[in-house]
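K.L.:
Sequence:
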Amino acid sequence: MDVFKAIKNRYSCRAYKAEPVPEEKLKKVLEAARLAPSPHNEQAWKFVVVREAEKRKKLAEAAMGQEFVGEAPVVIVAVALEPDEVMSTGVPNYAVIP
Numbered sequence: 250m251d252v253f254k255a256i257k258n259r260y261s262c263r264a265y266k267a268e269p270v271p272e273e274k275l276k277k278v279l280e281a282a283r284l285a286p287s288p289h290n291e292q293a294w295k296f297v298v299v300r301e302a303e304k305r306k307k308l309a310e311a312a313m314g315q316e317f318v319g320e321a322p323v324v325i326v327a328v329a330l331e332p333d334e335v336m337s338t339g340v341p342n343y344a345v346i347p
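In the numbering used here, the protein residues as written are 250 to 347.
Some hints here could point you the wrong way.
[Claimed, not checked] Pairs of lysine to aspartate or glutamate residues, derived as EDC-like cross-links and limited to a Cα-Cα distance of at most 20 angstroms, are as follows: (1) K274 - E301; (2) K304 - E320; (3) K295 - E334; (4) K306 - E320.
[Unchecked claim] Between beta-carbon pairs, the in silico distance windows are: (5) M313 - H289: 26 to 34 angstroms; (6) A282 - E320: 18 to 26 angstroms; (7) T338 - E272: 36 to 44 angstroms.
No lab work stands behind these hints, which were simulated from the structure alone.
Every residue gets a Cβ at the ideal spot worked out from N, C-alpha and C, and that includes glycine.
Working from the sequences, and respecting the hints, build out all of it.
P.N.:
Right, here's the structure in full:
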């Protein structure tokens, strides 16, 4: 894979099909997220899969009214396990907590 081509061609999707995401594709994305590197290989996060329309709507509101968040057929939320943690440099890790 050409990293520079991927960076150049990336985009932020704002429109989604109203079709459910196949379970196999969802599992593949979650596995990739699980394998993402982290300091000290701690993976200090969890992922929550949100399919329910009402919960997705609340997520859109929590995302400062970004309606497209609630329009996706499924949303994966990354949750910090240590939201108040400060990096060794003294800088907060900036976990987002509602």
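K.L.:
With reference to the structure, classify each hint as holding or not holding.
P.N.:
Cross-check of the supplied hints:
1. Distance restraint check for K274 and E301: the Cα-Cα separation of roughly 18 angstroms lies within the 20 angstroms cut-off, and the hinted pair is therefore satisfied.
2. Between the alpha carbons of K304 and E320 the distance comes to roughly 11 angstroms, so the proposed pair stays at or under 20 angstroms and holds.
3. This hinted pair checks out: K295 and E334 have alpha carbons roughly 15 angstroms apart, not beyond 20 angstroms.
4. Distance hint between K306 and E320 is fulfilled; the C-alpha atoms sit about 8 angstroms from each other, no more than 20 angstroms.
5. Between M313 and H289 the CB atoms are about 32 angstroms apart, so this pair conforms to the stated range of 26 to 34 angstroms.
6. Look at A282 against E320: about 21 angstroms separates their beta carbons, and that is inside 18 to 26 angstroms.
7. Distance hint check: the CB atoms of T338 and E272 are about 40 angstroms apart, consistent with the given range 36 to 44 angstroms.
The structure shown violates none of the earlier numbered hints.
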